[in-house]
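Peer 1: Protein chains in written order, with this note's numbering: chain A, 2 to 454; chain B, 2 to 454.
Hints listed in this document are in silico derivations from the structure and should not be mistaken for laboratory results.
Don't take each hint at face value.
Any copy, or any two copies together, can satisfy a pair, since identical chains are not distinguished.
[Said to hold, decoys possible] Listed next, the in silico SDA-like pairs over lysine to any residue satisfying Cα-Cα at most 25 Å (straight line):
| no. | residue 1 | residue 2 |
| --- | --- | --- |
| 1 | Lys71 | Glu33 |
| 2 | Lys439 | Ile30 |
| 3 | Lys71 | Gly107 |
| 4 | Lys135 | Gly398 |
| 5 | Lys242 | Asp181 |
Number of protein chains: 2
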Amino acid sequence: MEKLRPRTLSGFMELLPAPQMQLERMMEILRETYALYGFTPLDTPAVESAEILLAKGGGETEKQIYRFQKGDSDLALRFDLTVPLAKYVALHAGELAFPFRRYQIGKVYRGERAQRGRFREFYQADIDIIGDGKLDILNEAEIPSIIYTIFRRFGLTRFVIRVNNRKLLNGFYAMLDLSDRSADIMRTVDKLDKIGADKVRTILLEDNGLTEAQADEILQFISITGSNAEVLSRLVTWRGKNELFDLGLEELTAVTKHLSAFGVPEENFAVDLTIARGLDYYTGTVYETTLLDHPEIGSVCSGGRYDNLAEYYTDRQLPGVGISIGLTRLFYVLGEQQMLNPDLPTAPADCLLLPMTEDFSAAVRLATQLRGTGIRTQIYAEQKKFKAKLSYADKLGIPYAVFLGEDEIARGLCSVKDLRTGEQVSLPPAEAIALMQKGVAALQTGSVIRETM
Amino acid sequence: MEKLRPRTLSGFMELLPAPQMQLERMMEILRETYALYGFTPLDTPAVESAEILLAKGGGETEKQIYRFQKGDSDLALRFDLTVPLAKYVALHAGELAFPFRRYQIGKVYRGERAQRGRFREFYQADIDIIGDGKLDILNEAEIPSIIYTIFRRFGLTRFVIRVNNRKLLNGFYAMLDLSDRSADIMRTVDKLDKIGADKVRTILLEDNGLTEAQADEILQFISITGSNAEVLSRLVTWRGKNELFDLGLEELTAVTKHLSAFGVPEENFAVDLTIARGLDYYTGTVYETTLLDHPEIGSVCSGGRYDNLAEYYTDRQLPGVGISIGLTRLFYVLGEQQMLNPDLPTAPADCLLLPMTEDFSAAVRLATQLRGTGIRTQIYAEQKKFKAKLSYADKLGIPYAVFLGEDEIARGLCSVKDLRTGEQVSLPPAEAIALMQKGVAALQTGSVIRETM
Chain A
2 MEKLRPRTLS
12 GFMELLPAPQ
22 MQLERMMEIL
32 RETYALYGFT
42 PLDTPAVESA
52 EILLAKGGGE
62 TEKQIYRFQK
72 GDSDLALRFD
82 LTVPLAKYVA
92 LHAGELAFPF
102 RRYQIGKVYR
112 GERAQRGRFR
122 EFYQADIDII
132 GDGKLDILNE
142 AEIPSIIYTI
152 FRRFGLTRFV
162 IRVNNRKLLN
172 GFYAMLDLSD
182 RSADIMRTVD
192 KLDKIGADKV
202 RTILLEDNGL
212 TEAQADEILQ
222 FISITGSNAE
232 VLSRLVTWRG
242 KNELFDLGLE
252 ELTAVTKHLS
262 AFGVPEENFA
272 VDLTIARGLD
282 YYTGTVYETT
292 LLDHPEIGSV
302 CSGGRYDNLA
312 EYYTDRQLPG
322 VGISIGLTRL
332 FYVLGEQQML
342 NPDLPTAPAD
352 CLLLPMTEDF
362 SAAVRLATQL
372 RGTGIRTQIY
382 AEQKKFKAKL
392 SYADKLGIPY
402 AVFLGEDEIA
412 RGLCSVKDLR
422 TGEQVSLPPA
432 EAIALMQKGV
442 AALQTGSVIR
452 ETM
Chain B
2 MEKLRPRTLS
12 GFMELLPAPQ
22 MQLERMMEIL
32 RETYALYGFT
42 PLDTPAVESA
52 EILLAKGGGE
62 TEKQIYRFQK
72 GDSDLALRFD
82 LTVPLAKYVA
92 LHAGELAFPF
102 RRYQIGKVYR
112 GERAQRGRFR
122 EFYQADIDII
132 GDGKLDILNE
142 AEIPSIIYTI
152 FRRFGLTRFV
162 IRVNNRKLLN
172 GFYAMLDLSD
182 RSADIMRTVD
192 KLDKIGADKV
202 RTILLEDNGL
212 TEAQADEILQ
222 FISITGSNAE
232 VLSRLVTWRG
242 KNELFDLGLE
252 ELTAVTKHLS
262 AFGVPEENFA
272 VDLTIARGLD
282 YYTGTVYETT
292 LLDHPEIGSV
302 CSGGRYDNLA
312 EYYTDRQLPG
322 VGISIGLTRL
332 FYVLGEQQML
342 NPDLPTAPAD
352 CLLLPMTEDF
362 SAAVRLATQL
372 RGTGIRTQIY
382 AEQKKFKAKL
392 SYADKLGIPY
402 AVFLGEDEIA
412 RGLCSVKDLR
422 TGEQVSLPPA
432 EAIALMQKGV
442 AALQTGSVIR
452 ETM
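Chain A with its partners taken away, still in its complex shape (with noise of 0.2 Å):
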């Protein structure tokens, strides 16, 4: 028979078993984590209509979405899940509790231009605290100690979670009479940190048309920086000037404070008034997180607050605030910069046993007695020599082996050998497990990440 060359699409992460695991346990980080915090999980299809999922419009996102007929069905993959969340909510509004706060782990789907890094099905790991009709400022701070927290148990410490404003932002622009080009301003002093505030005040003067007294009140703004109580005093000086400026700044202090209040220290997180996230639906905090010693990546955690998360779909008001890990790229990034911890096991089992008779029925009563105890337990059947079992288990970094032989059966025991030292002894079952109990918890003890000096 002729053979199909296997192959994955490129742009399509499929991982080995051991970079798999490791995933996995970020993923179970992020479960456990959102819970914690009161999050329930949501599993929303990964096809939609076509006509809901582009109920917005606009340029990109219709030209990158994965779309196909099906009978008479117009449909898509969804490429972010906030969409979904939008309609979700609109559709089971009178069924959900509010404030409504959901997690969701998924792969979304966009067609970009494949290149290194940037994949076309990928994880987002989204939270979002829904209301209906207000939301307190609260949980704008919260949404960010959260990813603190996340980050944390992942096993980082160098991260910034950039904070900003957008009424603050929008009450600036207002001053300066410059609202009607806010966007393009935002736009161009979100260079800054690539091209310099020389070239920035270049642009906004001939691209963005500002006076030189606009452009240098921007810069002046933009390059206010120090310490978050430092850069919110500096902010005083325009208080009293437009009132969405007021309430900006008042958002911006309240978050600033509770954020301590939630543990989250000063080196993790940042008052920085260049960021404002592109999309014109958030109308109030902002974020961006970075990783302080791969700032090239850009932010890999982002979100905001936005007053109408369904509005193409119900008139009900229902403001809220998310934050997003693109997880498949934040996890291929920290594989590239070899930052994904290799002394945690990946193995698929704590134990292989190996069964030395012939008759299987020790063994496998012994194998049911190790799972019992919660060790993870690959009873090795193949006929094979015992040089080859004892490779099979190191090339999965199974850290023991468990053997049964007619003499250990007999006498009520069996032999333990750690795989790492070739330690060996025989022993009681029920002391065998508690050897291997304690080194298994022994290997558990890292963090998925590992931070190079």
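With the hints as your guide, set chain B onto chain A.
Peer 2: Positioned in the frame of chain A, the structure of chain B alone reads:
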């Protein structure tokens, strides 16, 4: 703005938070149990090249598949997890260790005619063990023993895993000189439960063209019932007439013996000579699993032994054994039959923390403390009437409310209200934590599925 009516595609399951929580609990049991038996998680793309997915061809699959173009690519959504596994193993064979044991819980897509209980997007939860050239028979017993463990952990007791062997069947039909008609005959025999022995006999004679003697011998064969030992001993009658039959009998006997060693009680597995699994790629043991009280829904978990997993992609012989739980359908049926235990908590939080002061700092610190001990905590920060706050907790089924007012803060206490009993006590945080931990643990003791008598 004109609103678009929000909707979810028919045939695509989208759950409300409470049932979603129950489904998540089942998935967690699946992940934990599969891992306990030494299976590694895999996650292949939901989209593959259409050519790869359709390598085998075949009418029904091709009609049901979601297939579409993007740029020059001919793409399709996977319709099962077996074809992607075959591709994965063929593609990565050099980097895997065999036997390769993997589990995958993932969504698959079939554009079937939408009808009640039939889904177009649904989860399958698969395990497979792939050998390199050979695979020991023990694996064919271990696979159903894992299903037994999972179903018991779900809370099911009234189910039977039916086991048969294709070598036994093929050998039997060879004895009767009916090898060329065996597929037709098996399809007829498969209807025994539905139409009865007389009608099966009529079809065998009239449609399948058998002689009276052949039909009688088949009916005699498939009418063998009794304990597993009885069935196996009745099969001995035919031994010595066909090598394949003898080998099948040997395998079936070994699987039966090993299943006992794995601790699967006789009431949960049965040698059943009528099951065959339609697919012609099964070559040894085959399984079907039925719920005793709901035989009408057919098999909820099926699989078997095959000799050539990846024959369309590689010359390498990769025999294996696998089984698949139709999770979405099973979950749907359990819901319809009122078998999902309503006593298990589906709340997104264990505790709703109500700050009774204007300054939330103390509440935020207490929330952090509670979360640090594993208590899933939501701070309720909205400005609502006290009664509305409690009715929010009620609606979600959150078991505890914690109040923190000036008085409590001053005295270093918090007030815990058990929302089921109405009992309220003021305690230091450590004691409040112990109280809630105990209460939450007690709520978790039931199983996901509750069988009604």
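Peer 1: All hints, please: hold or fail.
Peer 2: Each hint, compared with the structure:
1. With identical chains, the CA atoms of Lys71 and Glu33 are never at most 25 Å apart, being 38 Å at best within one copy and 37 Å at best between copies.
2. Taking the shortest alpha-carbon separations for Lys439 and Ile30, both the intra-copy value of 22 Å and the inter-copy value of 24 Å come in at or below 25 Å.
3. Proximity of Lys71 to Gly107 under the C-alpha cut-off of 25 Å is found in both arrangements, the shortest distances being 23 Å within a copy and 21 Å between copies.
4. Taking the shortest Cα distances, Lys135 and Gly398 sit within 25 Å of each other only across copies (23 Å), while inside one copy they are farther apart (52 Å).
5. When the C-alpha separation of Lys242 and Asp181 is checked against a cutoff of 25 Å, the pair qualifies only within one copy, where the shortest distance is 18 Å, while the shortest distance between copies is 91 Å.
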